[in-house]
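Peer 1: Residue numbers (numbering that gives the first Met the number 0), protein chains in the order written: chain V, 0 to 348; chain P, 0 to 146; chain R, 0 to 292; chain Z, 0 to 290.
Be a bit skeptical, because a hint or two may be false.
[As the list claims (entries may be wrong)] Mimicking DSBU-like on lysine-lysine, the simulated pairs with C-alpha atoms at most 35 Å apart in a straight line are:
no. : chain 1 : residue 1 : chain 2 : residue 2
1   : V       : K153      : R       : K68
2   : P       : K53       : V       : K32
3   : V       : K276      : Z       : K161
4   : V       : K231      : R       : K68
5   : R       : K23       : P       : K59
FYI, nobody ran anything at the bench for these hints, they're computed from the structure.
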Amino acid sequence: MVTEKKVIDDEGLNQFVSALIQHGYAVIAPTIKADRVFYGVVEKGSEFVREYSNAQNSPKDFLFPRMEEILRFTDDETVVETFPKAVKRVFLGVRPCDAMAIKHLDKLFNWDYADTHYNKRRGDAVLIGLACNTPKSSCFCTSLGGGLGPHHKKNVDMMLTKLDRSSYLIEAVSELGEALISLLECGVLATSSHDEKALELRENAEKMITKRLNLDETFKVMDDNFDSAYWKTVARKCIGCGICTYLCPTCHCFDIQDEGLFRLRFWDSCQFALYSKHASGHNPRDQPHKRFRNRVYHKFVYFKKNLDEALCVGCGRCKTYCPSKVDIFKIVSEAEAGISEYRSVEIPK
Amino acid sequence: MRKKEFDSIDWEPKIIGFLCKWCSYAGADLAGSSRLIYPPSINIIRVPCTSRIKPHFVVKAFATGIDGVLISGCHPGSCHYVNGNYKARRRFSVLRRLIEFMGIDPRRLQMSWVSASEGFKWADVVRKATEEIRQLGPNRLFIEGET
Amino acid sequence: MRASETNDMTGKIRQISRSLLEAKEADYVIGYELETDGSVCPVFIDCPEEVEKLVWNDRCIHNLASFLKKTIDDGESRVAIVSKGCDVKSIVALLQEGQIVRDKIKVLGVDCSGQRDEKGNLLLKCKLCRDHRPLLYDSLIANERVDVREFDVDSVDYSEVEDVEKMSVEERLRFWKEEAEKCIRCYACREVCPLCYCVECFTDQNLPKYVPSTPSIKGNFLWLLMRTFDLAGRCTGCMECDRVCPVDIPLHLLNRKAIKDVATLFGYEAGRNPSEKPLLAVFSEEDPDEFIK
Amino acid sequence: MTARVGSRVDGVEESIYKPYNGRIIWMREETPDITTFRVALEEHEVVDSFTSFKPGNFVLASVIGYGEAPFAISSPPSQRGSIEISVKRLGVLTQVLHELCVEDRIGLRGPYGNDFLRGEPKGKNLLFVAGGIGMAPIRSLIHHVLDDRKSYGEITILYGAKSIADIPYKKEFKRWDRMDGVDVVLTVDPGGETPDWDGRIGYVPNILTELNTSPKNCLAFVCGPQIVIKLSAQTLSNWGFKSRDIISTLENRMKCGIGKCGRCNVGHIYVCKHGPVFTYEEIMKMPNSDY
Chain V
0 MVTEKKVIDD
10 EGLNQFVSAL
20 IQHGYAVIAP
30 TIKADRVFYG
40 VVEKGSEFVR
50 EYSNAQNSPK
60 DFLFPRMEEI
70 LRFTDDETVV
80 ETFPKAVKRV
90 FLGVRPCDAM
100 AIKHLDKLFN
110 WDYADTHYNK
120 RRGDAVLIGL
130 ACNTPKSSCF
140 CTSLGGGLGP
150 HHKKNVDMML
160 TKLDRSSYLI
170 EAVSELGEAL
180 ISLLECGVLA
190 TSSHDEKALE
200 LRENAEKMIT
210 KRLNLDETFK
220 VMDDNFDSAY
230 WKTVARKCIG
240 CGICTYLCPT
250 CHCFDIQDEG
260 LFRLRFWDSC
270 QFALYSKHAS
280 GHNPRDQPHK
290 RFRNRVYHKF
300 VYFKKNLDEA
310 LCVGCGRCKT
320 YCPSKVDIFK
330 IVSEAEAGIS
340 EYRSVEIPK
Chain P
0 MRKKEFDSID
10 WEPKIIGFLC
20 KWCSYAGADL
30 AGSSRLIYPP
40 SINIIRVPCT
50 SRIKPHFVVK
60 AFATGIDGVL
70 ISGCHPGSCH
80 YVNGNYKARR
90 RFSVLRRLIE
100 FMGIDPRRLQ
110 MSWVSASEGF
120 KWADVVRKAT
130 EEIRQLGPNR
140 LFIEGET
Chain R
0 MRASETNDMT
10 GKIRQISRSL
20 LEAKEADYVI
30 GYELETDGSV
40 CPVFIDCPEE
50 VEKLVWNDRC
60 IHNLASFLKK
70 TIDDGESRVA
80 IVSKGCDVKS
90 IVALLQEGQI
100 VRDKIKVLGV
110 DCSGQRDEKG
120 NLLLKCKLCR
130 DHRPLLYDSL
140 IANERVDVRE
150 FDVDSVDYSE
160 VEDVEKMSVE
170 ERLRFWKEEA
180 EKCIRCYACR
190 EVCPLCYCVE
200 CFTDQNLPKY
210 VPSTPSIKGN
220 FLWLLMRTFD
230 LAGRCTGCME
240 CDRVCPVDIP
250 LHLLNRKAIK
260 DVATLFGYEA
270 GRNPSEKPLL
280 AVFSEEDPDE
290 FIK
Chain Z
0 MTARVGSRVD
10 GVEESIYKPY
20 NGRIIWMREE
30 TPDITTFRVA
40 LEEHEVVDSF
50 TSFKPGNFVL
60 ASVIGYGEAP
70 FAISSPPSQR
80 GSIEISVKRL
90 GVLTQVLHEL
100 CVEDRIGLRG
110 PYGNDFLRGE
120 PKGKNLLFVA
130 GGIGMAPIRS
140 LIHHVLDDRK
150 SYGEITILYG
160 AKSIADIPYK
170 KEFKRWDRMD
180 GVDVVLTVDP
190 GGETPDWDGR
200 IGYVPNILTE
210 LNTSPKNCLA
220 FVCGPQIVIK
230 LSAQTLSNWG
240 FKSRDIISTL
250 ENRMKCGIGK
260 CGRCNVGHIY
270 VCKHGPVFTY
280 EEIMKMPNSD
290 Y
């Protein structure tokens, strides 16, 4: 598959965005909102922010929205499904970690039963990745398997790499990308020097990520030490809110409730006590540290056992926006040392 | 609940009345037995004391589209439970300013002291409350299905 | 805060904590630990060797009192807690409501000249602060450069709240419905608040259901309204809820409006005096009742 | 239209959360807070594919405006054309269900989950131990077994409830007791009996210790509150029951029933997708502080 590569400048990128809009695509890209970077619908190219580490929210907000109406009941009690309107969408500037998160969501929402609401929103979406040249200190995407890294292109349809101050290497990755690259009027064909520059950028981006995690070893250590006092100790700092799960690009838990004549599906979090409370009142995860442990295990043990992938993409959002700065990387990477230290100590109160 | 378009003359506001059973409920009963005429806009809920009313009841009423809430209890000093009405007074004076701050017109939450012998006063209180809430129009805080 | 100040205060905190832990007067110390990017985060210190982690600088924003009621559910463990003036007001409010046992808590009061956010400017709560020195402590980490004069009560600046009050009722409704639409019901404001310790929050109950638990505009609006009411006369204005809200809803406007009302209506301020009864638990004959017919 | 029944991964324009329209054709009030509903499906073309369930499966019943909740199917597969669910009044939805009457509409989604027959009960002696509302799935299995009585050995049924008034399916227990080869032991918690009560008095796990059923060629099905499952399973294994032959169900909170909403997990096992029926051997492998 000959992947056509072009080099365009900022203006070319703006022209590309307006071309996409003219072709009926809604373009969703990171923009500034209340002086923070959020994914949002952009009207013109200049709103697409290019100098940022990662947006606070992730494409999950658009593929699996915080609340959606799944069913509506008409007056004569017939059930009417409410499917999302089919709208052609382009996610522009998706970091490789968010793209891998979307792949995980695809897998979960089509595990045996196809979640039609998710598939309808996902089906028409084109992903245009943006390579990470300056990863943050809280990023650790390179140790999460599946070849994930700051310049990883496997899960997107097109890939943008910022070569220098104002020129971007744009390449089609999938057929969908091939079709779209024709919209680019301007821009010059990429030469081997551009490829070398891109490769060089990729290497030192990967070098900038100093946090290393041995996934399989962590999996084994955690799988064998579910009841260790380590989990109660590291969980003390966690206040039990839902920020980490709601801003996490891979967290997919939801609740379904009826309001009036609508059946609504909306985000839920395993950090809340009601999440697993039985009708009889019994709650398997009644204490805060059990709920905390459940989130960490779901990402590094459970999802791996069920769908053989780690459910974390190392984007660092849960640490950045946590009120107590709970760092999942620190907890998981120090699990082995921490657990052995607690094997001798009596469980602290 | 479909909301028709109203002009304020013939539209009858829907008011929830929390009445303490020792005084105001008896007063309302007296008003009824002495055949006093007052607007049928009030739907009475009997409570043991005004301090039994949880502010969440009032807010839930507004959420379900009720146009006004009237809380009525014993005069200060003659509460069957000695200080129930004092506590309620303090509670609802805070709540009233809070709902005003968030954009609900405070006149939609009214409070009155009506004793068991004040049938006339009860009829008058309801007449005044209905008139005042009628000026405010229907409760359009939340549009149905607005997610 | 100059480096010399932070070093000697950090040294004092470490020294007091080490003595408490060694003398077994406290099972663990809750304090602040330095993060790689210069900010701090809460830390639980179990043994004297770990005391070196404790630090004090002008980024110690968190109100550690929120850990008092929730993570310590057995009530037996004795805790030492590093607390600024605003944090101590939360501890006093918890004492007023009989939620914590005074002699189980060792308060390491710290003189505070105001904390700064990551951009370096003074926090709003510090601009309005009148408690540079905690009003209650077991051991004080003093700092002469902090002026600890007692402020007079009516110099409190409610200008932000008054701006919203000046709006018309319709404008305020639209303003708060716009804010409510942003809320994703992550409940960080509830979980971070030291005084939100109910076993079952009113928004989690469903028999009867007071507030819809879906993040709809109606549900969020009522959540903001009733959360503020449940904290009226209890909130001490530590503005942690404002800090942690991931979608930046100005929660401090609501809470400070309640604080202003409670001060004007009843002349009451939460977290001032540990032996004083909470506001809505008591009454007085002279309460204002101009709105009662 | 076969994809309609909990559509598999075939992208049919069919939301997996859309309930079928069920209509109540028969109701019986078993106890003051348990009512059994027989629900028939209106969409005729899916009736046979929907009612080809096995004992142990569950459905998600819903009432418009009040939500959805999982209920074990308590009628046997041989009862074609409709399913029965026994509902205990506990929360908002179950309260509303109890206020419904015949001809009212209930939404049904499912059947989901695995079933009791994975223990191959054919040709074996069977011991049923149930407590409280745990009788609902067990009743489906008992009827299924009695439909083909000769291919099963000795049957013992031990059931316990809080009080006499709380014992559901009273007529069926009497009918089963009169059958040969079937031994029914009913018990009520201490204090729940009345003077003319001829059954046993005591908690289910304690009464179980007196039965002393032989584990040879015998399967035990245990269903009910978590404490009943734990204690009964221990007693049975002390008698020599292999943990593979003790079969139970886990009643976790469920919302979607198909392994997506994430809340019914015990460790990495989703009770709705990999369960709800588990052998005691599997339950022992699960992290014990998580269920």
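Peer 1: Which of the numbered hints are not met once you compare them with the structure shown?
Peer 2: Of the numbered hints, 1, 2 and 5 do not hold.
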